[in-house]
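If you want the building blocks of each chain, they are given just below.
Number of protein chains: 8
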Amino acid sequence: MTAQRTAHLGFARLDVDRAQRTGTPEVVYAAGKTPEQTVACLAGLLDAGAPLAWATRVDDATAAAVTSRWPDAVLDADARCVFVGELPEPVGDVLVLTAGTSDGPVAAEVAATLAACGVRARRVDDVGVAGVHRVLEVAPDIAAADVVVVVAGMDGALPSVVAGLTDRLVVAVPTSVGYGAAFEGLAALLTMLTACAPGVMVVNIDNGFGAGVAAARIARSRDTPRP
Amino acid sequence: MTAQRTAHLGFARLDVDRAQRTGTPEVVYAAGKTPEQTVACLAGLLDAGAPLAWATRVDDATAAAVTSRWPDAVLDADARCVFVGELPEPVGDVLVLTAGTSDGPVAAEVAATLAACGVRARRVDDVGVAGVHRVLEVAPDIAAADVVVVVAGMDGALPSVVAGLTDRLVVAVPTSVGYGAAFEGLAALLTMLTACAPGVMVVNIDNGFGAGVAAARIARSRDTPRP
Amino acid sequence: MTAQRTAHLGFARLDVDRAQRTGTPEVVYAAGKTPEQTVACLAGLLDAGAPLAWATRVDDATAAAVTSRWPDAVLDADARCVFVGELPEPVGDVLVLTAGTSDGPVAAEVAATLAACGVRARRVDDVGVAGVHRVLEVAPDIAAADVVVVVAGMDGALPSVVAGLTDRLVVAVPTSVGYGAAFEGLAALLTMLTACAPGVMVVNIDNGFGAGVAAARIARSRDTPRP
Amino acid sequence: MTAQRTAHLGFARLDVDRAQRTGTPEVVYAAGKTPEQTVACLAGLLDAGAPLAWATRVDDATAAAVTSRWPDAVLDADARCVFVGELPEPVGDVLVLTAGTSDGPVAAEVAATLAACGVRARRVDDVGVAGVHRVLEVAPDIAAADVVVVVAGMDGALPSVVAGLTDRLVVAVPTSVGYGAAFEGLAALLTMLTACAPGVMVVNIDNGFGAGVAAARIARSRDTPRP
Amino acid sequence: MTAQRTAHLGFARLDVDRAQRTGTPEVVYAAGKTPEQTVACLAGLLDAGAPLAWATRVDDATAAAVTSRWPDAVLDADARCVFVGELPEPVGDVLVLTAGTSDGPVAAEVAATLAACGVRARRVDDVGVAGVHRVLEVAPDIAAADVVVVVAGMDGALPSVVAGLTDRLVVAVPTSVGYGAAFEGLAALLTMLTACAPGVMVVNIDNGFGAGVAAARIARSRDTPRP
Amino acid sequence: MTAQRTAHLGFARLDVDRAQRTGTPEVVYAAGKTPEQTVACLAGLLDAGAPLAWATRVDDATAAAVTSRWPDAVLDADARCVFVGELPEPVGDVLVLTAGTSDGPVAAEVAATLAACGVRARRVDDVGVAGVHRVLEVAPDIAAADVVVVVAGMDGALPSVVAGLTDRLVVAVPTSVGYGAAFEGLAALLTMLTACAPGVMVVNIDNGFGAGVAAARIARSRDTPRP
Amino acid sequence: MTAQRTAHLGFARLDVDRAQRTGTPEVVYAAGKTPEQTVACLAGLLDAGAPLAWATRVDDATAAAVTSRWPDAVLDADARCVFVGELPEPVGDVLVLTAGTSDGPVAAEVAATLAACGVRARRVDDVGVAGVHRVLEVAPDIAAADVVVVVAGMDGALPSVVAGLTDRLVVAVPTSVGYGAAFEGLAALLTMLTACAPGVMVVNIDNGFGAGVAAARIARSRDTPRP
Amino acid sequence: MTAQRTAHLGFARLDVDRAQRTGTPEVVYAAGKTPEQTVACLAGLLDAGAPLAWATRVDDATAAAVTSRWPDAVLDADARCVFVGELPEPVGDVLVLTAGTSDGPVAAEVAATLAACGVRARRVDDVGVAGVHRVLEVAPDIAAADVVVVVAGMDGALPSVVAGLTDRLVVAVPTSVGYGAAFEGLAALLTMLTACAPGVMVVNIDNGFGAGVAAARIARSRDTPRP
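Chains as they are written, first to last, in this note's numbering: chain A, 1 to 227; chain B, 1001 to 1227; chain C, 2001 to 2227; chain D, 3001 to 3227; chain E, 4001 to 4227; chain F, 5001 to 5227; chain G, 6001 to 6227; chain H, 7001 to 7227.
Certain hints may be false.
Chain D residues, not near chain E, derived (Cβ > 12 angstroms throughout) [as the list claims (entries may be wrong)]:
| # | residue |
| --- | --- |
| 1 | P3035 |
| 2 | G3049 |
| 3 | P3051 |
| 4 | D3059 |
| 5 | D3060 |
| 6 | A3061 |
| 7 | A3064 |
| 8 | P3088 |
| 9 | D3146 |
| 10 | M3201 |
One side only, chain D facing chain H, incomplete, derived with CB under 8 angstroms [to be verified]:
| # | residue |
| --- | --- |
| 11 | F3011 |
| 12 | A3012 |
| 13 | Q3020 |
| 14 | G3032 |
| 15 | E3036 |
| 16 | R3123 |
| 17 | L3189 |
| 18 | N3204 |
| 19 | D3223 |
| 20 | R3226 |
From chain C, some residues computed to sit far from chain E (all C-beta separations above 12 angstroms) [claimed, not checked]:
| # | residue |
| --- | --- |
| 21 | Q2020 |
| 22 | R2134 |
| 23 | E2137 |
Derived by calculation from the structure, the hints in this document are not laboratory data.
Backbone N, C-alpha and C fix where the C-beta goes; we use that ideal spot for every residue, glycine too.
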């Protein structure tokens, strides 16, 4: 590993070469940070030469602080993400499915992350398995995609069904949608981990960001054909 | 409640009027009983006038003890059940689906219980959602049934899909089939409890007996039209 | 399966033929939806020809939005349900028991769901097993019912006792009532799943809607005698 | 606290004054000890002047080692206990109820412990709530007892019902009897802790010894009237 | 069982003969009830002839409603209990220990319950095992008591130490005091259930009421010497 | 979806067009099947025209039954897999890392699955983070791979470190290696799901098969450049 | 043990000789205490002769009450600690690492505790394993320290990596930072307990105080060379 | 970090410079390894110049293989450890306490690890808190020790009591001794993590090796006085 630069902010040490090393820049996780800390982190990343810096899980105060500092910052309120700088031209095609309307905010974070990673996202919402014909209806969309991200709470059954229909990989995102025995996303998480169809990989509950990064890398691998 | 009889065996108190009171006779749960205790319980029930007595979860030693005492006892080895006496003429039509071959023993217990309750069972195995067309193939069977029992381990996703296809009730039986995050049936149990389609009711993990009794009562309710 | 229609709202895909397919229309789960989204879903279902559309888990803002849009909508505040359109004439007889007064809101959701499904509900509250004579007092009500729904939190012991008294099926609804080792309904859920009396089927914690749909189907099966 | 004696065996330090201090002698928990260690502990307690020494959870090898060393030792095979020395004359009256036959070994440990503590035990087995009339039948036994020990696995519902019938205290012992969602006694444990009737106190799963000691102390408190 | 009276309030069925049957009157659990419902329940119990009616877990609004209806009601703010009617003359002697100051409200509920049951309570607070000499200091208090109630959160280790010092029974109450791996009282609950000293019995987390009832019955058993 | 063929074996319904539909043939999960059933499933798949059929989780009896039926079947004892037919020529490059020697059998299943999917696997074992220089040593191997599969039990920390070094995707496989608070793989599973580096996706505990299928699809996506 | 003094405040019994006995004075845990109780405890400790009294987990109201009573009290707002009296001159060198910025408040409690115990703390923040070079950068700091405290949420992987680099002990503090499968710190706790490198010891989730006391004792042991 | 050597065995990569880097050599965890693999690992470490190589968790077959290869290897059967080479001269003084006899094997692993690390261990067994005088009896031993290791299963209460008596650090080792709600060591683990006395640090359940390494480092820090 060649020498890696670190930007020291006191409360944070920015990993400014992460984009070069891992293909994904350090992204600011705003939960648990003050608005000032988030602004400082974004500034530090931009100062180190990043063309785009962004933060996830921003609340209203943080969004206001960022857009006040950088008036042309772009806020994606559904996804609770804010972007400073230029979004890359998107390539590829990732299908983002949700099982229900309440899974929307997590799917929005997936889509925003894909956009920041330069990958095109298509969202189709509310295709839960309680009406399996709705899943079959989107089979052509699935077939056309580089990879499918499936966002589902409650029983988390959608990835099993989708993975059985396609040779595309399925990135499964359990959500905390549901009540009672959904146990804040645990039911969906276990369902997805034990999906009877292979080709399903799982990220943390409500982790739209992680799913977006993973899907972007899968999609982009088609752009780097083996020599 | 009119006076209820109890047969005292010392180690057990047989609830000999249960069939009359609840429609289902006391059934001997052989796990945790010695072969001698199981034989004594069956004898006690027959002595009290039951036309049919049966035991579930019988191991080889218990099966041998029962068939030695009553040579025309019927052993259902797959279901680990043994029956002494006359099975009733079956009526109705309950469809018993399994998600995978390994769910077979639990489905066999469902079917054996239905037979003992006088209800006809049809089994269709291995219709997991990883090949959802297999589920669609059995749609006519589902439509023709009084009620559907769905037996599934691992992700437990099948009841959600079946319940979305039909106006029949679904009795869901999670099984302990699977490994790792299946946690001995917990994953399937939570999935079924949080099924996004209504019309799903759940019994204990591997509880084929309970599912059979419930399905039999639902099926038989069609035989007692409202006056 | 014949072709199924879907109404596309962007954020939702309404399964408008679900009533015809499953006997229960798509019902709007308002938790996690904005008031505007709930109104749009109800409108979409009515536009597709549904005689009755309804939403569950409505908060005050959603209730106000719905009744403002449809002034003759019926709000059931206890059950947190709102109905737009004509409730069907009720048939049958479902007994809804609660173990304690605090289980009331869930029982109200059961009853409201039964009403929307066209089935008559009778509620008897506060018959916990700590005074088992109260359970015995309602034995005639139990005997007269098509099916019994038992709603209980804390120790969740009531379904075991009721199921031992009757040949009626018991639909058991654990509630999140209780504290400490009740673990938000987990204790009652496990108790009900392991009930020593057969004939008990379980739905998710606090899931009055699911219990109501299931009970309605059982009750109505008496109206469709086997040919 | 006056000075307390300790007998040093190297691998163990026997608390030989415990009987005088707490009313219950140190009892040898044989699980996890070699037969030789159990014999040495019993010998140490007898050497220190105990009129009776006993061990719980003894397996066959340990039982053989003890009865070989002390030929008039008394083995209670059901309870897996062995006693060396004189059992005291029993006083009082403790009722030990089981919900099912499979709970028998734990109830046997309760009864053996009571005997060693000099308290009379009456056992009534198999009075599960699935036939609640069986519980009502034993109401006179309950009323006559100093205290009631209730041993139950699966749904663990029996203590709630018993406690609602009586002013006697109920010592509840969950057992690991059951399968699936019984989770090795967890379901029964939670049920008993959340029993809706007051007067129920709970000990560890399968802990017949602890229940016996507690019940003996309650029973004996009637023999020490307040001055 | 002789016929038992029930007072019907619609939302509640008061078990008005419970005091006569179980020695403890039905007590109103105010959590999850409206102030009006709590007042109605208290009134119902008083109308049926109870000399004392009381409610636990009352919030400010309920306390105000009760004291407005019955101006000489007694509010115990620490214990969150309110009493209407005459408290009995206390007898006996129950020692109530807490491990820390934060366990105080639960101990207050224990003491209030004892008072309502006619038993005298002595409280000694903050005798945690981190300074075991504080426990030894109270040994004379322990020896003088009829029974000891130990209230502890966090590690829940106090009952083990106390039970090793005395032949008095220990009623252990885990509390939800603590953070992190205390898991809302789970750590203390498991510690108490697995206490290595016999003579410990456990009630639900934060269940001061249940502990008070149990301790009162044990204390009073000394007043009913065996004939 | 075009019509899909199903081969009916009675106890199983083979999804013979799965390879064409999803890129991965139906693979026989031998755990929970008799040797005869596994042989029959393999035969059914071959009869339907599959060039290669294989089974996972085979025990000795099943391995013997398969190799007796097809003498040129290839048994991979480490991976507990058996193959009947021709393995495809491998392409691509997947790096399979283990944290410790005990994770070897799961890694062997990953490698065997990759081989069956026509993808080349390179294994590097025992690069746990307790000697992080060992991870840095393999950085060139990581950089050269299409995708990295990381197999780890105990603390499951390796995927976080690897993902921070590379722009390759990491497929993380928790194993049940470890004791105590490893809780049969739960610790590693949670660690991997909460990995602080993006680009990590997780499969079920010990699920080498699922990881192999996923990694193969990622690797092969480089062979299908976007048009 | 020589006689130990106790200061009686009614609601609390201060263990005023704890500093002499254990090297650490009783520290007031303000959570769950009223501001008045915290002030009274601090006063009691000072009255008993302590040169320094301090409280942890203070909220704004308590901080205000303390600084109003003792105007030269020192408030450490990040650490939520307040100190009354003289801080000792620091010796030694403890390195406090955090994996991320959000772990800062817990690290601040560690550092404040060390200061109160008379030990010097150096903090280095945000050295998560997603950029393992950041960990390697601080290797000289690690080598120079008496002991290292590692504070980490989410995957909790940092202690494993640090412990593999050094012969210094690692005191690991899991934090509740994270979401979903982090389960309020459970994931980090299990990771740290199963760390594959020896030399890691773990304290409760978010327990900066406990970690500080432990690290101070380790550091100070270098000042008490063996005679 | 200077370059670190690695010995490649194919199935393992030995971290041969670990002793120099971390003060503790790589130790072979024999569970999950074949006897041949364990022998090869030990040989690899010795070949790389280690004066002492050792393995933990050895079963009989592995012990035989090791002692056959190195006839003067030393087997500690209680601790299930085997040593090849020269044990260092011990310094320091670590007290190892067990709560009960059944905790002995874990304490033996602690002591064996200390011996291998060159630190003297004194064991005192069976000082459970059910006889707290036994703990007070060993107070002089505690005071004389460099550090105390406390090994306890069941309620895990001993570390809280010990830590309250001393200024020595307590390394707490929960064991899987116990049944029922001990949940394989979970109860003891949670108790120790929430110990109300500071100065307690916890390692994994049954992890005698980790506790020994940690205690050795604490003890040895007294031999490296600050310059």
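Structure-based check of each hint:
1. P3035: Consistent with the label, P3035/D stays out of reach of chain E, its closest Cβ about 22 angstroms off (over 12 angstroms).
2. G3049: G3049/D is indeed farther than 12 angstroms from all Cβ atoms of chain E, at 18 angstroms.
3. P3051: Nearest chain E Cβ is 17 angstroms from P3051/D, so the label holds.
4. D3059: Holds, since 21 angstroms exceeds 12 angstroms.
5. D3060: At about 25 angstroms from chain E, D3060/D clears the 12 angstroms cut-off, so the statement holds.
6. A3061: Holds: least Cβ distance 24 angstroms, greater than 12 angstroms.
7. A3064: Answer for A3064/D: holds, closest chain E Cβ roughly 27 angstroms.
8. P3088: holds, 15 angstroms
9. D3146: Answer for D3146/D: violated, closest chain E Cβ roughly 7 angstroms.
10. M3201: violated, 4 angstroms
11. F3011: Hint holds; F3011/D Cβ to chain H Cβ min 5 angstroms, cut 8 angstroms.
12. A3012: holds, 5 angstroms
13. Q3020: Violated. Min distance 12 angstroms.
14. G3032: holds, 3 angstroms
15. E3036: violated, 12 angstroms
16. R3123: It is violated, given that the least Cβ distance between R3123/D and chain H is near 21 angstroms, above 8 angstroms.
17. L3189: holds, 7 angstroms
18. N3204: Since the shortest Cβ distance to chain H is 4 angstroms, the answer is holds.
19. D3223: Result: violated, 25 angstroms to nearest chain H Cβ.
20. R3226: This interface hint is violated because 28 angstroms lies over the 8 angstroms limit.
21. Q2020: Its Cβ never comes within 12 angstroms of chain E, the nearest being 38 angstroms, so this holds.
22. R2134: Check fails; 6 angstroms does not lie beyond 12 angstroms.
23. E2137: With a cut-off of 12 angstroms, E2137/C comes too close to chain E, as the shortest Cβ separation is near 7 angstroms.
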